[in-house]
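S.K.: What follows is each chain in one-letter form.
Number of protein chains: 2
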Amino acid sequence: MNEDQIKKDEFYMRKALVEARLAAEANEIPIGAVIVCNDRIISRAHNLTETLHDVTAHAEMQAITSAADMLGGKYLCDCTLYVTVEPCTMCAGAIGWAQISRVVYGAPDEKRGYTKIAPKALHPKATVTAGVIEDECREIMQNFFMKVR
Amino acid sequence: MNEDQIKKDEFYMRKALVEARLAAEANEIPIGAVIVCNDRIISRAHNLTETLHDVTAHAEMQAITSAADMLGGKYLCDCTLYVTVEPCTMCAGAIGWAQISRVVYGAPDEKRGYTKIAPKALHPKATVTAGVIEDECREIMQNFFMKVR
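Residue numbers (UniProt numbering), protein chains in the order written: chain C, 1 to 149; chain U, 1 to 149.
It should be emphasised that the hints constitute simulated quantities derived from the structure, not laboratory data. Be a bit skeptical, because a hint or two may be false.
With beta-carbon atoms standing in for the labels, derived distance ranges [unchecked claim]:
1. U:D4 <-> C:C37: 50 to 60 Å
2. C:N143 <-> U:T51: 35 to 45 Å
3. U:A26 <-> C:C77: 36 to 46 Å
4. C:R21 <-> U:G131: 20 to 30 Å
5. U:V148 <-> C:D78: 49 to 59 Å
6. C:E139 <-> U:N2: 31 to 41 Å
7. U:R21 <-> C:M1: 41 to 51 Å
8. C:H53 <-> U:T51: 39 to 49 Å
9. U:M146 <-> C:T127: 27 to 37 Å
10. U:V18 <-> C:D135: 48 to 58 Å
Simulated pairs of lysine-lysine, BS3-like, Cα-Cα distance not exceeding 25 Å [said to hold, decoys possible]:
11. C:K125 <-> C:K7
12. U:K125 <-> C:K116
13. C:K147 <-> C:K120
14. U:K116 <-> C:K111
15. C:K125 <-> U:K111
16. U:K116 <-> C:K125
17. C:K116 <-> U:K116
18. U:K120 <-> C:K111
19. U:K147 <-> C:K116
20. U:K15 <-> C:K116
21. C:K111 <-> U:K7
22. U:K120 <-> C:K120
23. C:K120 <-> U:K116
24. C:K120 <-> U:K125
25. C:K147 <-> C:K8
26. U:K111 <-> C:K120
27. C:K125 <-> U:K120
Ideal Cβ placement from N, Cα and C applies to all residues, glycine included.
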């Protein structure tokens, strides 16, 4: 990957981290996501499962719904999803349905991540970049779970 | 399974089929779902992906969100989800997060069904019954796709 792309990825992952921090402040598992289309952020979201009493309110799900609403169509073919933690099976399924072409995530999720449970959930042509600002993405999760447990 | 349970399953699957027909009338892929808790339907939903321009608006997802709202908590441990077609990866992931203890579906989905793509997505203790009023559940799908293609 060229240096420009690496810088861009870090830039957008920092925006997803801002969302993750908003989640932490609301006592939500701190995961944030942004969706980028043509170098523009078209949606931002963070996990709201506790606030909404809704297991489907993951950052990625809300970001997808909001991006589709913004674009006026349900497919997000030319979009990149940035998310601080590896998507779960549910979110990977949604990413697949939306035909998102690129997924960039920070920290892996060994237990619930899609790569273990549903490795073929994304669109077959989608590309994935893992480990962007991984330490910070993991740390905010670890701090959260240390605090609540 | 005893005869009472078989009758109950058919009864609730017919309610899910009513939802599927509402979807067909709205030119949506005709899939319907209901969630049952203590022999009471606590949510009903049908696919609305076209109407809402939202890939996440599957019948099951909406039924889960609505049931959790109704119960005032995000877990649906003692609930049964009836859905006319085998859930996809996304929905199976959501069913897993919600800890739904029993899933009953009508027609299998050979291409997008979770049993092929994410067979471990549901809660490990969840039980699954497939093939309830299968022919009718499949027929309404086939009729829909014959009409639109």
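S.K.: Now, for every hint given, state plainly whether the structure supports it.
M.R.: So, going through the hints one by one against the coordinates:
For D4 (chain U) and C37 (chain C), the Cβ-Cβ distance of about 53 Å falls inside the hinted range of 50 to 60 Å, so the restraint holds. Judged by the Cβ atoms, the range 35 to 45 Å given for N143 (chain C) and T51 (chain U) holds: they are separated by roughly 41 Å. A26 (chain U) and C77 (chain C) have their C-beta atoms about 25 Å apart, which leaves the hinted 36 to 46 Å range violated. Between R21 (chain C) and G131 (chain U) the beta carbon distance is about 47 Å. The supplied range of 20 to 30 Å is therefore violated.
For V148 (chain U) and D78 (chain C), the hinted distance range of 49 to 59 Å is not satisfied, since their beta carbons lie about 25 Å from each other. Between E139 (chain C) and N2 (chain U) the beta carbons are some 53 Å apart, a value that contradicts the proposed interval 31 to 41 Å. For R21 (chain U) and M1 (chain C), the Cβ-Cβ distance of about 49 Å falls inside the hinted range of 41 to 51 Å, so the restraint holds. Judged by the Cβ atoms, the range 39 to 49 Å given for H53 (chain C) and T51 (chain U) is violated: they are separated by roughly 24 Å.
Taken as a hint, the range 27 to 37 Å holds for the pair M146 (chain U) and T127 (chain C), whose Cβ atoms sit roughly 36 Å apart. The supplied range of 48 to 58 Å is met by V18 (chain U) and D135 (chain C), whose beta-carbon atoms lie about 52 Å from each other. Among the hinted pairs, K125 (chain C) with K7 (chain C) is consistent with the structure: their alpha-carbon atoms are about 23 Å apart, no more than 25 Å. For a cut-off of 25 Å, the pair hint linking K125 (chain U) to K116 (chain C) stands: about 19 Å separates their Cα positions.
Taken as a hint, the K147 (chain C) and K120 (chain C) pair is broken in the structure, with Cα atoms around 34 Å apart against an allowance of 25 Å. The hinted pair formed by K116 (chain U) and K111 (chain C) meets the criterion: a straight-line CA distance of about 20 Å does not exceed 25 Å. This hinted pair checks out: K125 (chain C) and K111 (chain U) have alpha carbons roughly 17 Å apart, not beyond 25 Å. Our distance criterion of 25 Å between C-alpha atoms is met by K116 (chain U) and K125 (chain C), whose separation comes to about 19 Å.
Of the supplied pair hints, the one linking K116 (chain C) and K116 (chain U) holds, its CA atoms being roughly 14 Å apart against a limit of 25 Å. Straight-line distance between C-alpha atoms of K120 (chain U) and K111 (chain C) comes to about 12 Å, which keeps the hinted pair within the 25 Å bound. As the CA atoms of K147 (chain U) and K116 (chain C) are separated by approximately 38 Å, the hinted pair breaks the 25 Å bound. Using a Cα cut-off of 25 Å, the hinted pair K15 (chain U) and K116 (chain C) is violated, with the two alpha carbons roughly 35 Å apart.
Proximity of K111 (chain C) to K7 (chain U) is assessed by CA-CA distance (about 38 Å); at most 25 Å being required, the pair is judged violated. Annotation: proposed proximity of K120 (chain U) to K120 (chain C) holds, straight-line Cα distance about 13 Å (limit 25 Å). Straight-line distance between C-alpha atoms of K120 (chain C) and K116 (chain U) comes to about 10 Å, which keeps the hinted pair within the 25 Å bound. Using a Cα cut-off of 25 Å, the hinted pair K120 (chain C) and K125 (chain U) holds, with the two alpha carbons roughly 24 Å apart.
Taking the CA atoms of K147 (chain C) and K8 (chain C), the gap is about 32 Å. The hint is violated against a cut of 25 Å. Distance check on the hinted pair: K111 (chain U) and K120 (chain C) sit about 12 Å apart at the alpha-carbon level, within 25 Å; holds. Of the supplied pair hints, the one linking K125 (chain C) and K120 (chain U) holds, its CA atoms being roughly 24 Å apart against a limit of 25 Å.
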